[in-house]
Amino acid sequence: MEPRVSYISPRLNEEALQHAIAYKLMFILGKDPSLANKHEWLNATLFAVRDRLVERWLRAHRARISQQARQVYYLSMEFLIGRTLSNALLSLGIYEDVKTALAGMGLDLEELIDEENDPGLGNGGLGRLAACFLDSLATLGLPGRGYGIRYDYGMFKQNIIDGRQMESPDYWLEYGNPWEFERHKTRYTVRFGGRIQHEGKNSRWLETEEIIAVAYDQIIPGYETDATNTLRLWSAQASSEINGTVAKLAMRQPFVLFKGLTFQKLCLPGAFRPGDHHNKMLRPGLCVVHASPQYL
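Just so we're aligned: 244 in numbering that gives the first Met the number 0 is position 245 of the sequence shown, and the numbers increase by one with no gaps anywhere.
For the record, the hints were derived by calculation from the structure and aren't laboratory data. Among the hints, a few may not be true.
Claimed, not checked - The calculated lysine-lysine pairs, modelled on DSSO-like cross-linking and capped at a C-alpha distance of 27 Å, are: (1) Lys156 / Lys200; (2) Lys156 / Lys37; (3) Lys98 / Lys30.
Note that the coordinates shown come from a computational prediction; the quantities given were computed from them, not determined experimentally.
Could you build all of it, start to finish, from the sequences and the hints given here?
Structure follows, in C-alpha cells:
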C-alpha cells in the first residue's frame, strides 16, 4: 500500500526564504541566530535552497522509473563541481531573491558564498570536464548519473614560501556538506588483494582485504529547467573484518587516520611513496570500479 503524504511545497518569495533560513539555522543546525557565525548561516542557506530543489529531483526520479527511461552513467575518479550555493541559485533563477532575503536579515549573500569550501573531489582538468557533462545533461533534460569518490582530501592548499610551492591538506568537509544525502542503506563490500585458489574447474577468492562503500547523493540541477540529475559519491568505511594487513598499511602512512579510510582520503600528487604505483592506482578506483556496478 502506497503511503498517503501531504506537504506544502517550499515557496520562493522573500518572506518564505527568510523563514526557511532561520528555521534551518535553529532546528537543523541548533544555533542561536544571535550567536551564529557566517559559516553556520551559509549552511542554513544551503539547506533552505536545497529544499527548493528536492521536489523536482524526486519527481524527475519517479518519472524515469515509471517511463523505464535509459540513463547515461558517467564514472570518473574526479568531479570538480564547484561551489554548490551560487550554482544552485543561478540554476533556480533565485539569486536576487535570496540576496534580498538575506539582506533583510542583515546578511550579505556574496560574503556567505565566499565562506563555502570548494568541494575537493579531484585536482585535474578531467574532473572539471566530468562536472560539465553532468551540468549539460541536466540542462538538456537527459537522464544521467555521475559516480565517483567522496574524497576527504581531493585538493590541496598552495602556499609560496621562499619561492617554492608548499602544499598543505585542504579538508573541504570541515564544516560538513549540507548539499549531500547520505544513503545509509546503500552500501557494498569492496574486496581486493588476497589469492585465488583453484579447485578443478572452479576457483575461490580467499584472504581478501575489504572496505565498505557507502553512497552519498548530490543534486545536479539543470539551468532554468525542472530537470535534475544525481552525482553519487562513494565513501570508504571500515569493514568489521579489517585485518592486520590493512592496519600495517595505515601504520606506514600515519598522515591518514585509520578506520579503513586510507583508500578514500587522498587524491593528491605526491601523496604516495615513490614506486608505490600499485597502491596509487588501487585506492582511488576501488569504490568507483566495484561499488558502482553492484548498484547498477
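Now the hints, each set against the structure:
no.	hint	verdict
1	Lys156 / Lys200	violated, 53 Å
2	Lys156 / Lys37	holds, 21 Å
3	Lys98 / Lys30	holds, 21 Å
When each numbered hint is compared with the structure, a violation occurs for hint 1 only.
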